[in-house]
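Novice: Sequence:
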Amino acid sequence: MYIGAKSADDYWQIPYRGFYAVDAQAGDLEWQYQPIQSKVYVSGVYGQPALCQDPLLVPVLDGSLRVFTV
Numbered sequence: 001m002y003i004g005a006k007s008a009d010d011y012w013q014i015p016y017r018g019f020y021a022v023d024a025q026a027g028d029l030e031w032q033y034q035p036i037q038s039k040v041y042v043s044g045v046y047g048q049p050a051l052c053q054d055p056l057l058v059p060v061l062d063g064s065l066r067v068f069t070v
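Just so we're aligned, residue 1 is where the sequence shown starts under full-length UniProt numbering, counting upward by one.
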């Protein structure tokens with residue numbers, strides 16, 4: 001299971017921005033990607049990831065598209 005998260009920096013909560021791969025049955029974290037902190041208020045991953053055969057495409061709020069091999 002893949003989970004994208006965005007967060008507001010310099011806010012009262014801990015920023016959990018990034019992208020997480022979680023074992024769907026056990027609930028264990030398999031791996032994660034943490035984008036660098038943005039110069040704007042909100043940073044992280046937005047939108048749905050796209051899985052096409054092997055590459056996993058993840059949209060990031062900085063305008064980039066990250067590609068992971070899964």
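What the hints contain is simulated information worked out from the structure, not anything from laboratory work. Cβ coordinates follow ideal geometry from the N, Cα and C atoms, glycine included. Please note that the accuracy of each hint is not assured.
As the list claims (entries may be wrong) - With beta-carbon atoms standing in for the labels, derived distance ranges:
| no. | residue 1 | residue 2 | range |
| --- | --- | --- | --- |
| 1 | Gly27 | Gly63 | 30 to 38 angstroms |
| 2 | Pro55 | Val22 | 15 to 23 angstroms |
| 3 | Gly63 | Gln25 | 28 to 36 angstroms |
| 4 | Gly63 | Ala26 | 32 to 40 angstroms |
Novice: A separate judgement is required for each hint: does it hold in the structure or not?
Specialist: Hint check:
1. Gly27 - Gly63: 30 to 38 angstroms: holds (32 angstroms)
2. Pro55 - Val22: 15 to 23 angstroms: Taking Cβ atoms as reference, Pro55 and Val22 lie about 19 angstroms apart, which means the hint holds.
3. Gly63 - Gln25: 28 to 36 angstroms: holds (34 angstroms)
4. Gly63 - Ala26: 32 to 40 angstroms: Once the Cβ atoms are compared, 34 angstroms apart, the range 32 to 40 angstroms for Ala26 and Gly63 holds.
In this structure, every one of the numbered hints holds.
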